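Here the working numbering is used: the first residue of the sequence shown is 179, the next is one more, and so on.
Among the hints, erroneous ones may be present.
[Unchecked claim] Pair by pair, the computed Cβ-Cβ distance ranges are: (1) H229 x G282: 17 to 23 Å; (2) R269 x R293: 17 to 23 Å; (3) G282 x I194: 34 to 40 Å; (4) I198 x D294: 29 to 35 Å; (5) F223 x G305: 31 to 37 Å; (6) P186 x D310: 17 to 23 Å; (7) A225 x A204: 21 to 27 Å; (8) L208 x A184: 19 to 25 Å; (9) L208 x E272: 17 to 23 Å.
Simulated from the structure, these hints should not be mistaken for lab results. No experiment lies behind these values; they were computed from the predicted model shown. Even for Gly, the Cβ is constructed at its ideal location relative to N, Cα and C.
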Amino acid sequence: MGGGLAVPERYTEPVILDLIVPKNLARRQLNPGQRALMALEYERFYAAAQHKGRPKDDGSEAARSRNAEETCADLRTTGERVEPQARREQRSDERAVRVVGSSGRAVQQAKAVQRDAPDLADEVRRGELALDRAEPGARHGTALRRPDSRKMSRAARLSRQTACRP
């Protein structure tokens, strides 16, 4: 006997993550930008897992019938015929948004920041920069930042101190 637990075949990796990810994220205090970047990572994983097990469409009648009779992987509706709306909800990006608890718009912003300014995406991931402030910066090459008194130059601190004196 092996040391691991036997997992039924119906529990695929995406289904297991659908159960685990929301519980783990509920324990963390993430801002919306961090959640959106988590959704991006989950989306990539889910898309890869979804394409890995998909049968190839060889144009045969059997392949068309397999595609026409997809079933939902959701445990609550196992075995039911998938309607177009349900099939649309199973897209990897929408599923990631739902599981992580982010918004579609935030994930689109995160994609833009990740693509155009990976250094800003790292700051958003660490919680140092808000996603809303990083997105315009990704488009123009600079982020909208608040001045940080810890990083202010000595001359700027001195001028601020002397300006405040009566």
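Okay, the hints, checked on the actual structure:
At roughly 21 Å, the beta carbons of H229 and G282 sit within the given window of 17 to 23 Å. In this structure the supplied range 17 to 23 Å holds for R269 paired with R293, their Cβ-Cβ distance being about 19 Å. Here the CB-CB span from G282 to I194 is close to 24 Å, at odds with the stated 34 to 40 Å. A beta carbon spacing of about 31 Å between I198 and D294 agrees with the range 29 to 35 Å that was offered as a hint.
Here the CB-CB span from F223 to G305 is close to 22 Å, at odds with the stated 31 to 37 Å. Taking the beta carbon of each, P186 and D310 are about 43 Å apart, not inside 17 to 23 Å as hinted. Between A225 and A204 the beta carbon distance is about 24 Å. The supplied range of 21 to 27 Å therefore holds. Under the hint 19 to 25 Å, the C-beta atoms of L208 and A184, about 33 Å apart, miss the expected range.
At roughly 20 Å, the beta carbons of L208 and E272 sit within the given window of 17 to 23 Å.
Checked against the numbered hints above, the structure breaks hints 3, 5, 6 and 8 and satisfies the rest.
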